[in-house]
Amino acid sequence: MGESDYGCVIDQMRLSDDVPWTLPVLLQVEEGPDAKDGDELLLRSEEGAPAAVIGYEGTFRIDKKEYASKVFGTEDQAHPGVAKVYSSTGLAVSGRLKVVGRQDPGTYAEYTLSPKETRVLFAEKGWQTVVAFQTRNAPHINHEYLQKSALALVDGLFVNPVLGKKKPGDFKDEVIVDAYKALIGQYYPRNSVVMSVLHYEMQYAGPKEAIMHAIMRKNFGCTHIIIGRDHAGVGNYYRPYAAQEIFGEFPDLGIAPMFFREFYYCTKCAGIASEKTCPHGEEDRLNFSGTKLRKMFGEGEVPPKEFMRPEVAQAILAHRQPFVE
Amino acid sequence: MPTKYTTVSIPQPLHAKIEKLIAKKRGFKSVSDYVTYVLREVVAMHETKEVPEPFTSTDVEEIKQRLKALGYL
Numbered sequence: 000m001g002e003s004d005y006g007c008v009i010d011q012m013r014l015s016d017d018v019p020w021t022l023p024v025l026l027q028v029e030e031g032p033d034a035k036d037g038d039e040l041l042l043r044s045e046e047g048a049p050a051a052v053i054g055y056e057g058t059f060r061i062d063k064k065e066y067a068s069k070v071f072g073t074e075d076q077a078h079p080g081v082a083k084v085y086s087s088t089g090l091a092v093s094g095r096l097k098v099v100g101r102q103d104p105g106t107y108a109e110y111t112l113s114p115k116e117t118r119v120l121f122a123e124k125g126w127q128t129v130v131a132f133q134t135r136n137a138p139h140i141n142h143e144y145l146q147k148s149a150l151a152l153v154d155g156l157f158v159n160p161v162l163g164k165k166k167p168g169d170f171k172d173e174v175i176v177d178a179y180k181a182l183i184g185q186y187y188p189r190n191s192v193v194m195s196v197l198h199y200e201m202q203y204a205g206p207k208e209a210i211m212h213a214i215m216r217k218n219f220g221c222t223h224i225i226i227g228r229d230h231a232g233v234g235n236y237y238r239p240y241a242a243q244e245i246f247g248e249f250p251d252l253g254i255a256p257m258f259f260r261e262f263y264y265c266t267k268c269a270g271i272a273s274e275k276t277c278p279h280g281e282e283d284r285l286n287f288s289g290t291k292l293r294k295m296f297g298e299g300e301v302p303p304k305e306f307m308r309p310e311v312a313q314a315i316l317a318h319r320q321p322f323v324e
Numbered sequence: 000m001p002t003k004y005t006t007v008s009i010p011q012p013l014h015a016k017i018e019k020l021i022a023k024k025r026g027f028k029s030v031s032d033y034v035t036y037v038l039r040e041v042v043a044m045h046e047t048k049e050v051p052e053p054f055t056s057t058d059v060e061e062i063k064q065r066l067k068a069l070g071y072l
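Protein sequences, first through last, are from chains A and B.
All the letters of the first sequence, read from the start, carry residue numbers 0 to 324 under numbering that gives the first Met the number 0.
All the letters of the second sequence, read from the start, carry residue numbers 0 to 72 under numbering that gives the first Met the number 0.
Keep in mind that the hints were calculated from the coordinates and are not lab data.
Beta carbons are placed, not taken as given, at the ideal position from N, Cα and C, and that holds for glycine.
Check the hints yourself; a few may be wrong.
Incomplete in silico selection of chain A near chain B, CB under 7 Å [said to hold, decoys possible]:
no.: 1; residue: Cys-7
no.: 2; residue: Asp-38
no.: 3; residue: Glu-39
no.: 4; residue: Lys-115
no.: 5; residue: Val-119
no.: 6; residue: Leu-120
no.: 7; residue: Asn-136
no.: 8; residue: Pro-250
no.: 9; residue: Asp-251
no.: 10; residue: Gly-253
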């Protein structure tokens, strides 16, 4: 992303050609390359494989404070996205990118589909409408109800877990994949669901990242995306439903959000309920904090089936250390 | 670099109606803001219909083979 797009994105949440785009995507370097405008530079992956060619257009410096404040809504370096901005070089390369060949996804190649592949797959399945579910978590019962409630309204469900760098305490990639395999294998109709992973580093930018998640899933051929409570949030930096509210500013996204309140097991209703359907208080909800869940799994304990499917819990427990340290 | 703007003329009575409308509704700071929102919605609707799939029939056959090999089809 060049300087012009960068400025528009942080100020207007759009690229300079008016396309919705809420997070900067920058190629940051320690120092500018020994190149002149118009030179083509080869970019390599960490493993050294050719990844892309960039038509060099110069470099520009970002104001880290401005970036943090406008993109994340905070300058607090306890926010993982802000911390990453402050630890970056701040020197970005401008130029048009051309991808070279298919990238090796490394792990989970068999679960990594490109947007072209998912588009063909959805068409082959005869799906006119597809709802995407973005996740960075092993599935609880509430996630399952969220997905199935959305699936009831469309032809297909695209479960698209994010694999890549995460923060300590998050489930490891292999745990998320195994947990979803267990859930989908046991509890989902085979012809209504596709799972493919997305290799992507979360930025925890809350509402602005929710818009990017929608754009990415539109590229995969989805017509809808589920946006629940505190989508892409971290800590208490964003209001619980801020990620739903921001969609009102983008009438031209080309993918429709499906908004849901949080689902949970209510002991008084004796079933799965949501903030919209259940009149009872938090004291009647069966819920576990991340800390409590980590402790339970650490001690080899299985959460109650009202909170998590036993097959999912067993898939998690099959891993000696399921959480990022 | 800030976004550049241009001027579009609309009938004054319509301008007045929009001013009244946005006075009641939250979220729009000006008539220009409202008109931009509506036009983006309309233009996007047309663009969505016009965008062809970004692959050829040869691509599709190759992709189907990979999807079959992976068990998706």
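So, going through the hints one by one against the coordinates:
A hinted interface residue such as Cys-7(A) counts as satisfied when its beta carbon comes closer than 7 Å to some beta carbon of chain B; here the least separation is about 6 Å, so the hint holds. The beta carbon of Asp-38(A) comes no nearer than 23 Å to any beta carbon in chain B, farther than 7 Å, and the hint placing it at the interface is violated. Hint on Glu-39(A) is violated. Least Cβ distance to chain B is approximately 23 Å, over the 7 Å limit. Interface hint at Lys-115(A): satisfied, since its Cβ lies 5 Å from the closest Cβ of chain B, which is below the 7 Å cut-off.
Satisfaction of the interface hint for Val-119(A) is found here, the shortest Cβ-Cβ separation to chain B being roughly 4 Å, below the 7 Å cut-off. Because the smallest distance between the Cβ of Leu-120(A) and any Cβ of chain B comes to about 6 Å, under 7 Å, the interface hint for this residue holds. Contact between Asn-136(A) and chain B, as hinted, is not supported at the beta carbon level, the nearest pair being about 23 Å apart and thus beyond 7 Å. Annotation: interface hint on Pro-250(A) holds; nearest CB of chain B at approximately 4 Å, less than 7 Å.
Below 7 Å, beta-carbon pairs count as interface contacts, and Asp-251(A) has one with chain B at about 3 Å; its hint therefore holds. For Gly-253(A), the interface hint holds, since its Cβ comes within 7 Å of a Cβ in chain B; the closest pair sits about 6 Å apart.
The structure fails to meet hints 2, 3 and 7 from the earlier list, while all remaining hints are met.
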